[in-house]
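Listed in order, the protein sequences are those of chains A and B.
Sequential numbering from 54 applies to the first sequence in this note's numbering.
Sequential numbering from 4 applies to the second sequence in this note's numbering.
Just so you know, nobody snuck in bad clues.
Okay, derived cross-link-like pairs now, DSS-like style, lysine-lysine, Cα gap no bigger than 25 Å in a straight line:
no., chain 1, residue 1, chain 2, residue 2
1, B, Lys209, B, Lys290
2, B, Lys135, A, Lys275
3, B, Lys135, A, Lys310
4, B, Lys20, B, Lys89
5, B, Lys20, B, Lys54
6, B, Lys294, B, Lys20
What the hints contain is simulated information worked out from the structure, not anything from laboratory work.
If you want the building blocks of each chain, they are given just below.
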Amino acid sequence: MAPANPIAADQGWTDSGWIGEQAMSLNLTLHTPPAVPVEAEILTPNGTAGLDDAAVASLAVLHGNQRVPIGDFFRVRGRGNGVIHLEGDLSRIKHIGAGMSAGQVIIHGDVGAHLGAGMSGGEIHVNGNAGDWVGPEMSGGRITITGNAGHMVGSAYRGSTTGMLGGEIIVHGDVKNETGHAMRNGLIAVGGNAGDFTGVNMRAGTIVALGELGIRTGASMKRGTIVSMHEADILPTFTYACLYGPVYLRILLQHIKRLGLPVTDEYILGQYHRWCGDGVELNRGEILIYRKR
Amino acid sequence: MNIRSTEIADTFAEAFKMWGARIVVTAATRQWAMAAARSMTGFATSVIGCKCEAGIEHELGPGDTPDGRPGASLLLFTTDREGMGKRLVERIGQCVMTCPTTACFNGLEAEKTVPVGGLLRYFGDGYQISKKLNGRRLWRIPVMDGEFLVDEQFGVQPAVGGGNILILGRDQDTTLRAARAATRAMRAVRGVILPFPDGVVRSGSKVGSRYKSLIASTNDAYCPTLRGVVAGSNITGDTNCVLEIVVDGLDVAAVAEAMRLGLYAAAKPGIRQITAGNYGGNLGQYKIELKTLLNIK
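Input sequences plus hints: build the corresponding full structure.
Printed below as a string of structure tokens:
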């Protein structure tokens, strides 16, 4: 059987686990779960480039309010060559891939908050669930989560006016609230359901949810596109426009399908109800709701 | 030099440097896609009078287009890059955007690009929507049947125009049949178009005219009616009709291959000679020797 994750298989992982260091990539396996969250923004292909296992193990991370070597938590093998494999329950490891601009980070297990924050390029692939703040204010690259993600996917940080500026976040499962908050460009595609306030304060960009949307979708959006395959509660400040088949959606949905989300031909070929809003803002945004046959 | 009973003249076609672009037009049905394709490539036979040369390269099935709908691949050629941008904006704006259900995509990956959707977007009067996917920016322009989707940038590359063959036959019917056989064969080559009506031109031209306002005039050396009038007429024996096929392509190899196929397809009983038009090698950047084409096989 072909492995579910071809990227991982290329780098020595299969569905059965680690099979070797053929690619000579950097491999970190969690041996001691931290008692409190660890801030490990150093875990990027850029931050570990050219370092051997000992050098990587000595890199400092913030454990609570203490700076400690990353080797206190991870067994490190290989050398930094642009590809990092991480294994274990990393739900208390935060900021992995933050600020990265190239390379790959492949995670086998759940991962903590702020994954890929501010990244501008490269790829992060999580075979598991992710915490809150996936890809906040990122400007490029791609994050793929095979499980669920938390709140604030692709969002602006509190106090900031602009969220995601580019790149792609693909979540196969569900996401929680405020996905794409103040996003200005890029794509967020969700295979499952999205929580409340999806696309709140959106400036531009695209959010696709194959599952259901929560309440107050697109509140205060200026521009941008939110697509759903299910009926949704539309705010009264949105106005109904028409039923039509946007050609762009055919291209977008084919792209998302190629990335592994369960997009059907009915979605690609279908008709969509267009709602314009938010009327309390610029009124140039749109919510497209698939018409079920 | 002969192919069967037809003499192949020991001469060359003189071709020119041009700029080329490939445009992919799609629509809800094949009928609408081809309507837009024909409109966009109309009045584009010669840069002399039309500012560009264009044609339908081939039809596209739903599996071959970016949006999964029926479509057509078109090629457009101009003498300079700036002109290419203008022609694309004019023709896509007037002939493709106006046609119901269509969308229009760049079909040429090239180093150099010209803005097309990036200018046509202003037709949206502020209601246009920009979308970026896979590093490519598209514009959604609201129109009365929904939206017109168009790529922001179209690739342009150096190309070759003015490849040609001249078919000299004993009568009009025979020469027309040979020309049609040649155009069918030549259209099988990817990366070329035959810009004249159904690929064939009867009003071949020479450079200059006795009238000062004209830069080109009838190719009197190949007009059968002027055999006894023009000094240096190329009409000999029982030749009574001459038809020309002009071929433009994205590279000289494609143009040469189309000419080669045209030579073999047109060489039929009743076709006395196949030759090629040139200006003594003084104007064009490419010389495509007919004998070299025959030696390829």
